[in-house]
Amino acid sequence: MIYLQLFWSFIQIGMFSFGGGYAAMPLIQGQVVYTHEWLTMTEFTDLITISQMTPGPIAVNSATFVGMKIAGIPGAVVATLGCILPSCIIVTILAKLYLKYRNLDTLQGILYSLRPAVVSMIASAGVLILVTAFWGSGIINIDGIKWDMVLIFAISVVLLRKTKWNPVFVMILAGILKIMISIIT
Amino acid sequence: MKEQNKKKILLRLFLSTLYLSAFTFGGGYVIVTLMKKKFVDECHWIEENEMLDLVAIAQSSPGAIAVNGAIVVGYKLAGIAGTVTAILGTVLPPFAIITVISVFYQAFQSNWLISQLLEGMQAGVGAVIASVTLDMGTPVIKEKDTLSIAIMAGAFIAACFFEVNVIYIIITCGLIGVIRTLTSGWRTKN
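First to last, the sequence lines map onto chains A and B. Just so we're aligned, residue 0 is where the first sequence starts under numbering that gives the first Met the number 0, counting upward by one. Just so we're aligned, residue 0 is where the second sequence starts under numbering that gives the first Met the number 0, counting upward by one.
Misleading hints may appear alongside valid ones.
Claimed, not checked - Lysine to any residue pairs mimicking SDA-like chemistry, simulated, CA-CA at most 20 Å apart:
(1) 68/A to 109/B
(2) 95/A to 45/B
(3) 37/B to 18/B
(4) 145/A to 115/B
(5) 6/B to 32/B
Just so you know, these hints were derived from the structure itself, not from any lab.
Chain B extracted, bound-state conformation (with noise of 0.2 Å):
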């Protein structure tokens, strides 16, 4: 009986995430309030409280948000089993997609008309990662806090002018998290 349970719940996590994952533009911010929806809100598989934990665990753990929220849900519903479950349902569609996509792509590449529609995409890209940028980077400077905004400056200065592998700058500031949580407990600012 409870074999049988648990088999229905990884066939419904399964074809849950594959349809989040498959008709969920915008991103892995996205993607996880969806995913408190359908688990919180509709199945009541997770508790509310203990989600969104878990969505902080996602969200700040390296790696797409999207696949980390899959592996925090398919890990709390049902172990190892869960996550690979759910990871496949996630990473399935991309896959298949992109997979098409980059055929097409080769082919195409050398006709005109798409070449310069990918051109003048390149142009809209740009606008849309310089308008993303502002909108992350506003918080930063408002909240005045002479670290972060060091952080910021030093970081861009290292990476656009001196070209430094961005492995070693993440590497630097997140030494400079566990420092600064250590010593004066960051919640304070907050």
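Looking at chain A on its own, in the form it has when it is part of the complex (with noise of 0.2 Å):
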């Protein structure tokens, strides 16, 4: 029954995520850490992390962690055969259309109005993921607040758009920190 549940939150996944890259980020949130509790959200931010330094889409990257997690290799295979099937079915399809028509017009249109509500919900998403950060599961008040996370997070916004490092270092950069505070301290 865990195949099958795995199978069909992966689905949903594949079928709603629009735009790519970060989009996803939000329904495998949703799916994962709220609806069926297959991952806390710190782990959810750990596998985003990971999925940053590895290559390959956070959608598949996510499917083969939490299907491992939750039942081994037969789980990873059958999350990640849920993530791309609806790609298989609806590009098929708008290729064979497109060969055949050669007119992309409505597609378009639809994605040029999905794409503002897609930039809100990957920012809806960041924001849990930095609470996570600056609270971890705590309550979330002013003294409950991690300062040093909220240092190593406007270091590393500086960084990120003052300079053109890679986002992978950026990130690397931020962990030493942070062991390097917990030393000292």
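Combine both chains into one complex, guided by the hints.
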């Protein structure tokens, strides 16, 4: 039964993530963290971090990771298949239509309206990641905030916006900073 | 002879997508660009204009762009067999890498050094996402299209404060897109 749940969850993720890259992130969060509680918010954030540092789409990486954790290699296979199945069907049909009619206007029109929504949902998932980073699983108030994490976040933002550093490099640096702060204090 | 030729194309397609998928960091947009370079400029299997439209299909369809790109290229070159081949080539590397990492992740999670590293990286990845949001959101605001900005604000409030299921937000905004395309023709704005 768990295989069916994994399969169905990742079909939904594959079917509704428009816009590539981070667009799948809020959907994965919804299915994996909230609906099924297969991962904690911390594990989910680690997963996004790992996805950033390895090749491959976030959705495929997540399917493999969650599948492995919940039901081993068969789980990983089932989840990954689920996540690419909608693409296979939808893209093949569209490619077939395109090769026949050569017209993409309606499709791109829909995407044009989806893009602002996708930006917002990525932002919303980002907010939750930051809440987890700044407060852990504790209560959100000014006393509970981890100031070292806020500092690392601020340094990372400045590095990303002001330099042309690779994001992977900035993330590793953020990790090393945390180790150094923990050793000192 | 023709059968032989098809096998050769499938093998080359598999190896190309495997290679691209294993060594491309930086997401779907980068990998699609590299696919164009490989299949249009090097192999001359697909014409440039056609490839641009195939890439547009890959980018506008739901799902991972790298996987979608593999599907369109595979389908164009060798039909369903090509699609399956290209998907296998694209999915195998991340599947193998994450399988190994997830085994290590369970084992290392309790290690103090690794847990500190991962915790710091949470702040880092939060910064990366904040930066990406800024890069993606600025053009929407600069376009000064009232409906787009309203969609952006509405979607954020719905997702962040009311915790509305992402799928409903996507469906709603997709419908708005259909209506907008049918009534006015969005291209006049570009």
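Going down the list of hints, with the structure as the test:
1. Simply put, residue 68/A and residue 109/B have alpha-carbon atoms about 16 Å apart, close enough for the 20 Å limit, and the pair holds.
2. Restraint check: the Cα-Cα separation between residue 95/A and residue 45/B comes to about 15 Å, which is no more than 20 Å; the hinted pair holds.
3. At most 20 Å may separate the alpha-carbon atoms for a hinted pair to count; residue 37/B and residue 18/B meet this at roughly 11 Å.
4. For the hint pairing residue 145/A with residue 115/B, the CA-to-CA distance comes to about 13 Å; that is within 20 Å, so the pair holds.
5. The suggested pairing of residue 6/B with residue 32/B is violated, with an alpha-carbon distance near 25 Å, which exceeds 20 Å.
Of the numbered hints given earlier, the model fails hint 5 alone.
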